[in-house]
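K.L.:
Residue-level listing of the chains:
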Amino acid sequence: GAGVSQTPSNKVTEKGKYVELRCDPISGHTALYWYRQSLGQGPEFLIYFQGTGAADDSGLPNDRFFAVRPEGSVSTLKIQRTERGDSAVYLCASSLKGNTEAFFGQGTRLTVV
Amino acid sequence: AQKITQTQPGMFVQEKEAVTLDCTYDTSDPSYGLFWYKQPSSGEMIFLIYQGSYDQQNATEGRYSLNFQKARKSANLVISASQLGDSAMYFCAMRAGGTSYGKLTFGQGTILTVHP
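Going down the list, the sequences are from chains W and Y. If you're matching positions, the first sequence starts at 953 in our numbering and goes up one per residue. If you're matching positions, the second sequence starts at 6 in our numbering and goes up one per residue.
In short, the hints are calculated from the structure, not lab data.
Listed next, the in silico EDC-like pairs over lysine to aspartate or glutamate satisfying Cα-Cα at most 20 angstroms (straight line): (1) W:K969 - W:D1038; (2) Y:K8 - W:D1009; (3) Y:K21 - Y:E66; (4) W:K1030 - W:E996; (5) W:K963 - W:D976; (6) W:K963 - Y:E49; (7) W:K963 - W:E1035; (8) Y:K8 - W:E996; (9) Y:K8 - Y:D34; (10) W:K1030 - W:D1008; (11) Y:K8 - W:D1008.
Since the model is a prediction, treat every value here as computed from it, not as a measurement.
This is chain Y alone, in the form it adopts within the complex:
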C-alpha cells in the first residue's frame, strides 16, 4: 500500500518570499512517480510538477521545484517568489508502479496563505 503524509495543515508566507511544503511518502514499489497539485477555492486540481523515482535531477517548473530526497522518502515542494495567487490548498500525490497511468494516492493537503 502507498501512503502520503503532509504534516503541515497550514503555512503562511510573505509575498515574494520562498516557502517549502513538506511531503513524505511510503511505498515498497521501486518505481513510482510523485506529483504536486494546487487546489484553489474554485475546487479544480491544477497539476504543478512531477518527479519520477529514477529521475536523477530534481524537477523544476518555473517558480516550482521539487526537493526529492529518495533515501528520506521526501518530496518537498519549494515555491520561490510567492505571489498572492499562490494562496490555495496544495496536495502531494504518488503513483506507484512502472506505468505512467493508474491511481494517485493523495496526502491530506497543506493550506498555503500568502500575505501581502
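Just chain W, same shape as in the assembly:
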C-alpha cells in the first residue's frame, strides 16, 4: 500500500477482554515497530521486528502484551485481560532496512471501559 495502515482506527473494549490491533506496513519494509502514546505524551516503544522475528521486545510492559509478524509483513499486537490503563493510541511504523526514516500509521485509539 501507499502508507502504513492500521486497523481498526478506534476500538472500545471492556476491562478484562482480549483485543488485537493490526498493522499493515509499507510493502517491502523489513522493519516494523509498535509504539504506545498516552494523551499528552510522546510515543513509548513497545517492540521492534526485523522480518519475522522480534529484534527488541524490551518495551512490552508485561506478559499481557504480545505481538507477532508471522510472514514478515502484517503484524498483530495482542493484549490479553485488558485494563483501563491500557487505553492509549497504539502506533505502528515501518522502515526499509538501512534507511533511517520510519513511516508511521494513523494509529489505533484503544479505550478500555
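Given chain W, work out where chain Y should sit, using these hints.
P.N.:
The following block gives chain Y in isolation, referenced to the frame of chain W:
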C-alpha cells in the same frame, strides 16, 4: 539508557516568523541519530529531519533546520517562515547505536501554535 527532554510544553509564533523548538538528549552511546517528527491533530507522525551524531554539517530540509550542538547535547529544531499549517505537536527523538534501525526514544513534545 537514552533520554530526550523537551522543556517547552507550548510555543506561539506569528505567521512568517521563525521559531526554535528546544531538545536536549542524553546517551552514553557515541553513535546515535536525532529526529524531529510533527504530529498534527490527525494523529499521524510525520518525519521532518534527521541528524547523525557524526554529521559535520547541521541538517536542513526546506524550512526546517536542526541546530546540532554536540557538546551541549542539544538538537533544536528551527522552523523558518512559519505557516498556519505548522501548528501541531512536535517531537524530538533519538535512536542510539550504530545501526540505522531500531527503537526511537521520544521526548514529551512541544505544541506549536502559529498565529495569523
